[in-house]
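Just need the whole structure built from these sequences, with the hints factored in.
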Amino acid sequence: MHIVDGALSNDVVIAGGIIAVAGIGFGLRKMDMEKIPAAGILSATFFVASLIHVPLGPSSVHLIMNGLAGLILGWAAFPALFVGLMLQALFFGYGGVTVLGVNTVAIALPAVMMHYACRHGIQSQHKKIVMMWAAIAGAGSIALTALIVTLCLALTGEAFIPAAKLVVIAHTPVMAIEGFLCACAVSLIHRVKPDLFNTFFKAKVATHA
Amino acid sequence: MHKFICLIALSFIITFQAQAHKVVASAWTDGADIEGEAGFSNGDMAIAGTIVDVFKNEGEKIGQTKILDDGLFRFTPTEIASYRFFVNLGAGHVANVTVTPDELPDNLREAGVTSTKVASPTTSTGPMPSPAIATLIAKAVRKEIQPLRKEIASYKEKNDLQSILGGIGYIFGLTGIVFYIAARRKESREA
Numbered sequence: 090m091h092i093v094d095g096a097l098s099n100d101v102v103i104a105g106g107i108i109a110v111a112g113i114g115f116g117l118r119k120m121d122m123e124k125i126p127a128a129g130i131l132s133a134t135f136f137v138a139s140l141i142h143v144p145l146g147p148s149s150v151h152l153i154m155n156g157l158a159g160l161i162l163g164w165a166a167f168p169a170l171f172v173g174l175m176l177q178a179l180f181f182g183y184g185g186v187t188v189l190g191v192n193t194v195a196i197a198l199p200a201v202m203m204h205y206a207c208r209h210g211i212q213s214q215h216k217k218i219v220m221m222w223a224a225i226a227g228a229g230s231i232a233l234t235a236l237i238v239t240l241c242l243a244l245t246g247e248a249f250i251p252a253a254k255l256v257v258i259a260h261t262p263v264m265a266i267e268g269f270l271c272a273c274a275v276s277l278i279h280r281v282k283p284d285l286f287n288t289f290f291k292a293k294v295a296t297h298a
Numbered sequence: 007m008h009k010f011i012c013l014i015a016l017s018f019i020i021t022f023q024a025q026a027h028k029v030v031a032s033a034w035t036d037g038a039d040i041e042g043e044a045g046f047s048n049g050d051m052a053i054a055g056t057i058v059d060v061f062k063n064e065g066e067k068i069g070q071t072k073i074l075d076d077g078l079f080r081f082t083p084t085e086i087a088s089y090r091f092f093v094n095l096g097a098g099h100v101a102n103v104t105v106t107p108d109e110l111p112d113n114l115r116e117a118g119v120t121s122t123k124v125a126s127p128t129t130s131t132g133p134m135p136s137p138a139i140a141t142l143i144a145k146a147v148r149k150e151i152q153p154l155r156k157e158i159a160s161y162k163e164k165n166d167l168q169s170i171l172g173g174i175g176y177i178f179g180l181t182g183i184v185f186y187i188a189a190r191r192k193e194s195r196e197a
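Sequence lines, in order, name chains D and G. Residue numbers for the first sequence follow my numbering, beginning at 90 and rising by one. Residue numbers for the second sequence follow my numbering, beginning at 7 and rising by one.
In short, the hints are calculated from the structure, not lab data. Remember, it's a predicted structure, so these values are computed and weren't measured experimentally. Each residue gets a CB set at the ideal place from its N, CA and C atoms; glycine is no exception. Check the hints yourself; a few may be wrong.
Said to hold, decoys possible - If you want the ones that stay clear, here's a sample from chain D, every Cβ over 12 Å from chain G, calculated: (1) I92; (2) N99; (3) D100; (4) A104; (5) I108; (6) A111; (7) R208; (8) H209; (9) S213.
Unchecked claim - Cut-off 30 Å, straight-line C-alpha distance, at most; resulting in silico cross-link-like pairs (BS3-like, lysine-lysine): (10) G/K145 / G/K192; (11) G/K149 / G/K62; (12) G/K156 / G/K145; (13) D/K254 / G/K192; (14) D/K119 / G/K192; (15) D/K216 / D/K119; (16) D/K282 / G/K192; (17) G/K72 / G/K192; (18) D/K282 / D/K217.
In structure tokens form, the structure reads like this:
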């Protein structure tokens, strides 16, 4: 789900760049000492996950894992995913350097949105509810990413509705896989290191205590 | 837990077989035409009927052509200029191919040369192949190097272990830098 150089009009590229810079700045301010290692690991996860291509019909789609990054990092997902995207652009030529801002927004913004949508859900004591919310976060962030990408293309001139349909349909299997992986990862974290979420939702835990 | 490890292991196996999903395009001359191809780096060619826009000298659009059944497109240049071909394969997959003046078909270039220069007397010293044979040779060579070009294209797309590990190394390094900055910030706050 990377937009390549030259596919977008200048306005969209510049707007994407500005939003990305704002998001990265805000994310860096929100990143405290406890979050840094998690941000590094999730950045690396994203970097590698995007190389896993699932062949699908005429084309192929790949994992993104931005839902998990969003759940754990919140706004700090912006700098983490930006680093992953930048390295992919430099090493593998995915996307491109000029569209880095747009790609960052397309991938990190859904992650942040899913963070706020699902953060209460994964605090639950019931494992089933936790896994369900994690799956929603994983699948939902892919759907939102697909929509943002399509919207960017639409702003440049491609017809929105057919393109959006195509992109969302193409990503349905990825949504399922990501939802499943995200649910597994979150349930694993709950079992072996439940304080990972507590650390990052400190404010909420403090009000409960 | 066991399943999870298996899944990770499986994903790594898939990773190294994976190919980037990028657009590749190239162009060459064929007789009096410029012929080109466009497709995805996983080997799929562009769908027949896809429009290819033609621009002259990095500027004005001078026309368009269409992708034929085998992912190839043709365009007949009329003057010496650099031609840029823009292919949009949909969903943000675009590619640009530029053909510079010295790559243009020979007949066009010769026409341009003779118009500016006095036609030089034939200076061939050895047995020169007739134009028909030259075209045949060009065609044969192109056909022979076709698999080689594909191989090079796919080789360029290869994500080798080195760059994957390199990327992960960069991420860890950056994490360290952020740690350093955060620690400095904390220290100055406490001081």
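Subject >> Numbers of the earlier hints that this structure fails to satisfy, in rising order >> reply: 1, 10, 13 and 17
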